[in-house]
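S.K.: Once you've looked at the hints, dock chain B against the given chain A.
One-letter residues, chain by chain:
There are 2 protein chains.
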Amino acid sequence: MKTSIATVSLSGDLVEKLDAISKADFDAIEIFEQDFIGSSLSPADTRQLVADYGLEIALFQPFRDFEGLPAGKLRDRAFSRAKYKFELMQELGTDLILICSSTHAEALGGIDRAADDFAALGEIAKSFDVRVGFEALAWGRYISDHRDAWEVVRRASHDHIGLILDSYHTLIRHIDTHSICSIPSDKIFFVQLADAPAIDMDYLYLSRHFRNMPGEGDLPVGRFMDAVYQTGYSGTISLEIFNDQFRRTKSELVAKDGYRSLLYLVDSIAARKADHNMPSLPQPVQISDVGYIEFAVEAETLPMMVKTFGQLGFAVMGRHKSKHVIWLQQGQVNLLLNADANSHASETGFTTAMMVSEIGLNVEDAQAALERAVGLGAIDQGSQQASETDILPRIEGIGSSLIAFTDSKMNIWQRDFEAEASSSQAEGGDTPDIVTRIDHIAQTMRYDEMLSWSLFYTAIFDMQKSPLVDVIDPDGVIKSQILQTPDTNVQFTLNGSDALHTRATSFVTENPGATVQHIAFATDDAVLAATALLARHIDILPQTENYYADLQARFGLTDTFLAKLQARNIMYDEDDAGAFLQFYYQPEKSGMFFEFVERQNGYGGFGAANAPYRLAAQRRQSSQT
Amino acid sequence: MKTSIATVSLSGDLVEKLDAISKADFDAIEIFEQDFIGSSLSPADTRQLVADYGLEIALFQPFRDFEGLPAGKLRDRAFSRAKYKFELMQELGTDLILICSSTHAEALGGIDRAADDFAALGEIAKSFDVRVGFEALAWGRYISDHRDAWEVVRRASHDHIGLILDSYHTLIRHIDTHSICSIPSDKIFFVQLADAPAIDMDYLYLSRHFRNMPGEGDLPVGRFMDAVYQTGYSGTISLEIFNDQFRRTKSELVAKDGYRSLLYLVDSIAARKADHNMPSLPQPVQISDVGYIEFAVEAETLPMMVKTFGQLGFAVMGRHKSKHVIWLQQGQVNLLLNADANSHASETGFTTAMMVSEIGLNVEDAQAALERAVGLGAIDQGSQQASETDILPRIEGIGSSLIAFTDSKMNIWQRDFEAEASSSQAEGGDTPDIVTRIDHIAQTMRYDEMLSWSLFYTAIFDMQKSPLVDVIDPDGVIKSQILQTPDTNVQFTLNGSDALHTRATSFVTENPGATVQHIAFATDDAVLAATALLARHIDILPQTENYYADLQARFGLTDTFLAKLQARNIMYDEDDAGAFLQFYYQPEKSGMFFEFVERQNGYGGFGAANAPYRLAAQRRQSSQT
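Sequence lines, in order, name chains A and B. Take 28 as the starting number for the first sequence in this note's numbering and just add one per residue. Take 28 as the starting number for the second sequence in this note's numbering and just add one per residue.
Treat the hints with care, since some could be wrong.
In this list, chains with the same sequence are indistinguishable; a pair is considered to hold if it fits within one copy or across any two.
Subject to a maximum C-alpha distance of 25 Å in a straight line, what follows is the list of computed DSS-like cross-link-like pairs (lysine-lysine) [claimed, not checked]:
hint : residue 1 : residue 2
1    : K214      : K506
2    : K110      : K591
3    : K591      : K112
4    : K100      : K112
5    : K334      : K350
6    : K616      : K334
7    : K506      : K277
8    : K153      : K492
Keep in mind the hints are simulated off the structure, nothing from the lab. Please read all numbers here as calculations on a predicted model, not as lab measurements.
So that you can see chain A by itself, here it is in the shape it has in the complex:
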């Protein structure tokens, strides 16, 4: 199969679009008529330019309101208009045009009437040596289902008339994709792909504003594509996405995401085994757990950081053999403090006192993980970072952070680190661990980038995404999405906001390159953990009396338990399974903060009901300092 993208999916002028599409490795484009008309390039120059970019024009689109017009001026003009466009297609060097089902107020219904129109058009198309593909718009006046469009094409019975399928139009109407399997592959002239979020909304409005890349939305595009493969179709698959967000995003990013989404889609489909034109990738990466989190630290603040993490119960375990990096550990959590002048963070620049520069993920096979990631367009950073004792496969993550892959074969702790003689600098000495593991890592980005990074994680890793939820910040809405491995051992939350002054937006603005806004550590006993931290003069984010009064009203907690929570500023939630305790600590002058969570009896959420109060409390704290 060849890969293609419609120029309408991208921002910029035609030249900028071609440049982005070419760089993203697509084979072809659908040329959106308005992009061509708005361009000052002649048809011949356009044809040459497309060729110069190593692309071809697989489709000219759209041609609207053709079929079903009453005989006379309107119908005549539609045919005349088609001839002009066929001529233009010859000059552009493309042989296929998309006609979408009519929405014309004066169009008449009737499968045979439409078939007759297409049969007549087929003859004209033949004389121009071009082909016509008919597509059912979900909001077409009479034809709004690909099964009806196919019946029109079947009855038109002309070699130059075929069907165009579009996953959006089929799936948004919940049309059974099995109905695709009985269409002969030679009558499927073209396949367009788009996804969309699961919002119950007028089809046209949703389509015009919210379409997104396969895998970015909630439609079963894989099921659609599987049916297409089953027909034996081996033509072009093409992205046709209308999205307000993409229209304002740099075309290169959108094109790259689009290509990733196509590879990911095709890779996920069993029926595609026969398709030797598409690359084969290693299996989705299984992450067993977070191996480590590395912080970029300036050399002079390193002792302070060791002290801060010491207060949180982390002990110094070792020092890197060749770099200025300290290894801290508590429970299963490993933290690295990287003060190396040659670190990625130092090179790309970082401006905040405490910034996560790298997340190490434990996987089955680090090399295979790298191969899949790079195969899906992730940027390989391994070579740039390699030193004798630091050979880790690495890719670029969000912001200027990196993701590293480690596996058991490497044993990086022995390989790269000199064990510390005095094994512990953590406060508390022999007391039990406060922190046992990492519960989740919260990454904040520009709202416009959320779809992109969500696709990044779900395409490369074996991870599921939750629907976007709204978190109400006093200064606007923050969108939040959870990504987790099937066993929930590794969980990321992605947060973004297009409001100017939310905590999420401020974090991105004030900490360029940073992405991890907070780390949630799991603890076995939140009350004990908070008690220990308070004893070490750690300031837990204060909650209001009103909050605890409401807890009592909602959950009927005992006075004793409520008092324990309130004395320690621990927040509380319940779901059908169990209970959840969480509290927060933000080191002074850090853009980052830490959360401590206790999950009882398999509580599965993240305390969403508490989020607005946490944000209000943080806003109060910030305004006081």
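M.R.: What follows is chain B alone, placed relative to chain A:
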């Protein structure tokens, strides 16, 4: 009636919200429970603070998932939770709580079951001396219609149980508002008002993200309010708006808009004549035409401006008697070039070579117009501008522009201007006018401000608004809305974009305070006008060959006519009524541009189909200079 707004409608913390609500002149608030819980103020302190702001708490809201729960733990906890909240209400000093219809997964149906629950709750409420209002959510599990909620209340038959009506929930379900008229007014405990755009969308999603102020959306809120008045209800009317945009906008602006929307709504309703608590306003202002457009000009660029407008056919008619202002005229169009050092623009600062500082509107009675505008919250600027020869009622418009009202009694041209001896400096001498009148004025603002200014125009003036349409800029989507008088003699287009690099956004960013991005002049003959302007070396914005090829394909124009258009870079469109010719000119180094339009046979549009090509052409032109 008392006016109120729910705190959830605004951004900020509770204190910021109260401050904004008080400044906007509301009488009361609905306290949104989360706002209170997230606040560090005790109930008693909150009560005092609200009183200090001259407000009262008219409603505590929301209480969810009360009715229909199966007997046992769930139902007991709901009642227990209610008692806690009744106690809290006593401390807060409010006697009314909103219970919205249940969406609980385990709730059971049955009007009588719900009525029994409320009857039981009524007894408890009575013991706390509070009242309970029941509201049907449009997405309630069993109760989703105010008629059913009313039946529950009727059967509960308890003095402390009443109904709460919300225009959104009733109107989004298209429930006949006549059904409200048969509800006894003493059983209507509270009335909430919200509007919403006409997008066919899941009720909950639309409600949570897109509600807006009455008059800002497309729901018949006036019809709803009329029915409420008919019942004899004289309690509180309150805005409860959830809107992502409002949540990130300064609370003062949103509160002010909200208050304006309430006044406008009440003013528009015939049945309200009995309501002596609400202010009475003069009739909506009828604008007969645009009296003049004033540009703020720096003294040294004044001669250049006179020359530029001279090329466009404008003659110098006079000079202001007391200010450094030149009056230009052509056809019915009057332009003022204001180089006065004390002008509003000079005082507020302007940074662009050509900026509209004031729009003069001809109205029947300028003083009445001012009275209505100020009554609806517009800011009176008249006094600050008054000089002996310049007594005009003025209000603040968009950006740092002003709107002035003139009427025939004033005769400002004779009163304020000294006629120019040599009557014409326009090029072309005795040739007919190029420009006859102003077709429309295009104002650009931040996207977040569009609803606000749309309400401003429709509330103060007798103007209708069109639905928002998308204009595709190569760098993102621009939203555009038309506001016009019933006779279409006065037309504004409002444009805004939340994409960073669109032409609309760039205009706002690069020209602080400016709002008029272009003025469209009407011409009787666009071909003649363009010919005349080209002869005077005016550069008309070039269109592409591809554009004219497409025109031919679409409209089947004659070769001669097409050649005429193309030679002059005139764009073309048709609607059911007639044809439209339009072309563009942007003076060098100006953020503004001018459009010349010819409407044939009552063409009613604005050439929307041409807008993307015009934007693409302007982008090309900008990148070349």
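S.K.: Up to 25 Å between alpha-carbons, please classify K153 paired with K492: within, between, both or neither.
M.R.: Result: close neither inside a copy nor across copies, 48 Å intra and 48 Å inter.
S.K.: First find the shortest C-alpha distance between K214 and K506 inside one copy, then the shortest across copies, and answer within, between, both or neither for a cut-off of 25 Å.
M.R.: neither (43 Å within a copy, 40 Å between copies)
S.K.: Between copies, within a copy, both or neither: which fits K110 and K591 at Cα up to 25 Å?
M.R.: between (80 Å within a copy, 23 Å between copies)
S.K.: For the identical chains here, do K506 and K277 meet the 25 Å Cα criterion within one copy, between copies, both, or neither?
M.R.: Classified as both: same-chain Cα gap 21 Å, cross-chain 20 Å, threshold 25 Å.
S.K.: For K591 and K112, with the copy left unspecified, which applies at a CA distance of at most 25 Å: within, between, both, or neither?
M.R.: between (75 Å within a copy, 22 Å between copies)
S.K.: Given a CA cutoff of 25 Å, do K334 and K350 count as a within-copy pair, a between-copy pair, both, or neither?
M.R.: Answer is within; shortest intra-copy Cα gap is 20 Å, inter-copy 70 Å.
S.K.: Could you place K616 and K334 in one of the four classes (within, between, both, neither) given a Cα distance threshold of 25 Å?
M.R.: within (15 Å within a copy, 58 Å between copies)
S.K.: For K100 vs K112, is the C-alpha pair at or below 25 Å within one copy, between two copies, both, or neither?
M.R.: Answer is within: at 18 Å inside a copy they meet the 25 Å cutoff, but 70 Å across does not.
Hints 1, 8 from the list above are not met by this structure, while the remaining hints are.
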